[in-house]
Amino acid sequence: MRQRIMQRVGFALLALTSLIVVVPILLVVGIIVARGLNAVSWEFLTAMPREGMRAGGILPAIVGTILLTLGTALAAIPVGVAGAIYLSEYASDNIFTRSIRLAIINLAGIPSVVYGLFGLGLFVIFLRFGTSILAGSLTLAIMTLPIIVSTTEEALRSVPMEFRTVSASLGGTRWQGIWKIILPQAFPGIVTGVLLGLLRAAGETAPILFTVATFFLPRLPQSVFDQTMALPYHLFVISTQVPGMPMEIQYGTALVLLVLVLSLNLVATLLRSYFRRRRQW
Amino acid sequence: MVEQPKIHLEHVGFTYNATSATTGAEPVEALKDVTLSIPPHAITVIFGPSGGGKTTLLRLINRLNDMLSGTRRTGQVLLDGQDIYAHDVSVVELRRRVGMVFSLPLPIPGTVRHNVTYGLQLAGMRDQTVLDNALVRSLQQAALWDEVKDRLDDPATALSGGQQQRLCIARSLALEPDVLLLDEPTSGLDPISTAKVEHSLMELKKHYTIVIVPHSVQQGARVADYAAFFLMGELMEAGPGRQVFINPKNKRTEDYITGRFG
Numbered sequence: 000m001r002q003r004i005m006q007r008v009g010f011a012l013l014a015l016t017s018l019i020v021v022v023p024i025l026l027v028v029g030i031i032v033a034r035g036l037n038a039v040s041w042e043f044l045t046a047m048p049r050e051g052m053r054a055g056g057i058l059p060a061i062v063g064t065i066l067l068t069l070g071t072a073l074a075a076i077p078v079g080v081a082g083a084i085y086l087s088e089y090a091s092d093n094i095f096t097r098s099i100r101l102a103i104i105n106l107a108g109i110p111s112v113v114y115g116l117f118g119l120g121l122f123v124i125f126l127r128f129g130t131s132i133l134a135g136s137l138t139l140a141i142m143t144l145p146i147i148v149s150t151t152e153e154a155l156r157s158v159p160m161e162f163r164t165v166s167a168s169l170g171g172t173r174w175q176g177i178w179k180i181i182l183p184q185a186f187p188g189i190v191t192g193v194l195l196g197l198l199r200a201a202g203e204t205a206p207i208l209f210t211v212a213t214f215f216l217p218r219l220p221q222s223v224f225d226q227t228m229a230l231p232y233h234l235f236v237i238s239t240q241v242p243g244m245p246m247e248i249q250y251g252t253a254l255v256l257l258v259l260v261l262s263l264n265l266v267a268t269l270l271r272s273y274f275r276r277r278r279q280w
Numbered sequence: 000m001v002e003q004p005k006i007h008l009e010h011v012g013f014t015y016n017a018t019s020a021t022t023g024a025e026p027v028e029a030l031k032d033v034t035l036s037i038p039p040h041a042i043t044v045i046f047g048p049s050g051g052g053k054t055t056l057l058r059l060i061n062r063l064n065d066m067l068s069g070t071r072r073t074g075q076v077l078l079d080g081q082d083i084y085a086h087d088v089s090v091v092e093l094r095r096r097v098g099m100v101f102s103l104p105l106p107i108p109g110t111v112r113h114n115v116t117y118g119l120q121l122a123g124m125r126d127q128t129v130l131d132n133a134l135v136r137s138l139q140q141a142a143l144w145d146e147v148k149d150r151l152d153d154p155a156t157a158l159s160g161g162q163q164q165r166l167c168i169a170r171s172l173a174l175e176p177d178v179l180l181l182d183e184p185t186s187g188l189d190p191i192s193t194a195k196v197e198h199s200l201m202e203l204k205k206h207y208t209i210v211i212v213p214h215s216v217q218q219g220a221r222v223a224d225y226a227a228f229f230l231m232g233e234l235m236e237a238g239p240g241r242q243v244f245i246n247p248k249n250k251r252t253e254d255y256i257t258g259r260f261g
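These protein sequence lines are chains A and B, in that order.
So the first sequence is numbered by numbering that gives the first Met the number 0: it starts at 0 and just counts up by one.
So the second sequence is numbered by numbering that gives the first Met the number 0: it starts at 0 and just counts up by one.
These aren't lab readings, by the way, just hints derived from the structure by calculation.
It is possible that part of the hints are untrue.
Which stretches of chain B does chain A cover? Using the computed rule of at least three CB atoms under 8 Å from a CB of chain A, they are [as the list claims (entries may be wrong)]:
#	segment
1	95-107
2	113-124
3	216-227
Between beta-carbon pairs, the in silico distance windows are [unchecked claim]:
#	chain 1	residue 1	chain 2	residue 2	range
4	A	Y89	B	S89	43 to 51 Å
5	B	S49	A	I65	19 to 27 Å
6	A	I24	B	A194	28 to 36 Å
7	A	L270	B	R71	42 to 50 Å
Yeah, the Cβ is synthetic: ideal placement off N, Cα and C, and Gly gets one too.
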């Protein structure tokens, strides 16, 4: 009897903790949707900001964030996936590869503002890209790389060793095994990892602060060497730097950012479940 | 054995975790000074209690052990008199000549057809006629054709376990290897499927040199032309199957066969 009560109490506590996890998320999403929905209109999504950003739309910030995320993807995915393939499939276990793995783990823990300063030093100043979409994308890519490498490596390792052995036993080279069997099997995990990494890049403020984002630029970027507005930084600006800013616009901007990021997340989830159903082990 | 052996192992030793500096694991000597000849066009049975080095021996013959790091090999493995570990030997070519079937059927993701033709496609074969012919021939040789001829484009995982294992045999046969290595190929199969596999082995030995680790002593005795008994990485006894299984010279072979240990 006493044990049953203890068990009840234990379960209740566990349920409570999971509730604590969920409630803030629901609150954040709920409040932003409730207060921001009125601000979102066709004009809000497709027009330039006017009257010192107190009216009009946020098109340049939306376009800027999409461009930066695409740029990050272009730079980070090939390098990250190739690096993970090397680490998982080719590299032998020695001091060199161990230190690479250690570096990757540590890179994932570096505060994003440090990446921002690094990007400022390397891309903006040393490589003379200026504050530009190029510099911003590369900075975000470097920040995203550890996530992509570690999740991709994880996905590759989760493909049973036997598939590699079978492919080799049929006269396949190591690359043939990777290309024809391992990569297709690991694909869902890789997609998920890549999207989660890009998700983080899309929502970051600090790395783009010094490398690309502008306070106010009511036109669309013309080239990769152009600056641009971006949603996270724009949100920061209109929340703290502009007096007399209508609350509605702030919440509307937050809502747009949230929807962009959550839709990437949704894509990741859908892809994962789609491919998981096709997986064979 | 008067005939020139198909495979000859000369003082072969094999150790796992030989370079244990990085992992800290204890070295394991899986094979100790093994000298063994395997005749062509016959079934050679490698048997003994687990941990005896049987699988290690099979995987030495097609160099699958190369995929593991930290191992050490001594001695020579000769295929048709040639050292397969010589520097000028292509591992990929070798593995096309020495096929392998594993204890668990593991179809490659894809259709039955894809599984059988996979090896040939890896080798660069694009001619559809050649691929189709190989598909029919190897499925027939593996005694699977009648069961799957209408299901060639079904996923391989839709087949039963016994069919999958014969599919794996067909997959190796498609490459027309000289040697077929089988590592407990029937361990996951029911008696009927097992009988089918054993029956197809009897046919296959006319064209191929077969080395099998049986999943039981009884199976070994059923299929053996030649047999070799391994205990703790050492070759205890080798000879014609009838002799080894019915009238073993070594006391420990006899004890194992009669079920006194293992």
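Okay, the hints, checked on the actual structure:
1. Remark: the segment 95-107 of chain B is confirmed as covered by chain A, as 8 of its residues place a Cβ nearer than 8 Å to a Cβ of that chain, reaching the required three.
2. Requiring three or more residues with a Cβ within less than 8 Å of a Cβ of chain A, the coverage given for the segment 113-124 of chain B holds, as 4 such residues are present.
3. Coverage of the segment 216-227 of chain B by chain A is violated [criterion: at least 3 residues with CB-CB distance below 8 Å; count 0].
4. Separated by about 19 Å at the C-beta atoms, A:Y89 and B:S89 break the suggested range of 43 to 51 Å.
5. The hint said 19 to 27 Å for the Cβ distance between B:S49 and A:I65, and at roughly 59 Å that hint is violated.
6. As the Cβ distance of A:I24 to B:A194 is approximately 59 Å, the hint placing it in 28 to 36 Å is violated.
7. A hinted range of 42 to 50 Å holds for the C-beta pair A:L270 and B:R71, which are about 44 Å apart.
The structure fails hints 3, 4, 5, 6 (numbered hints given earlier, in ascending order).
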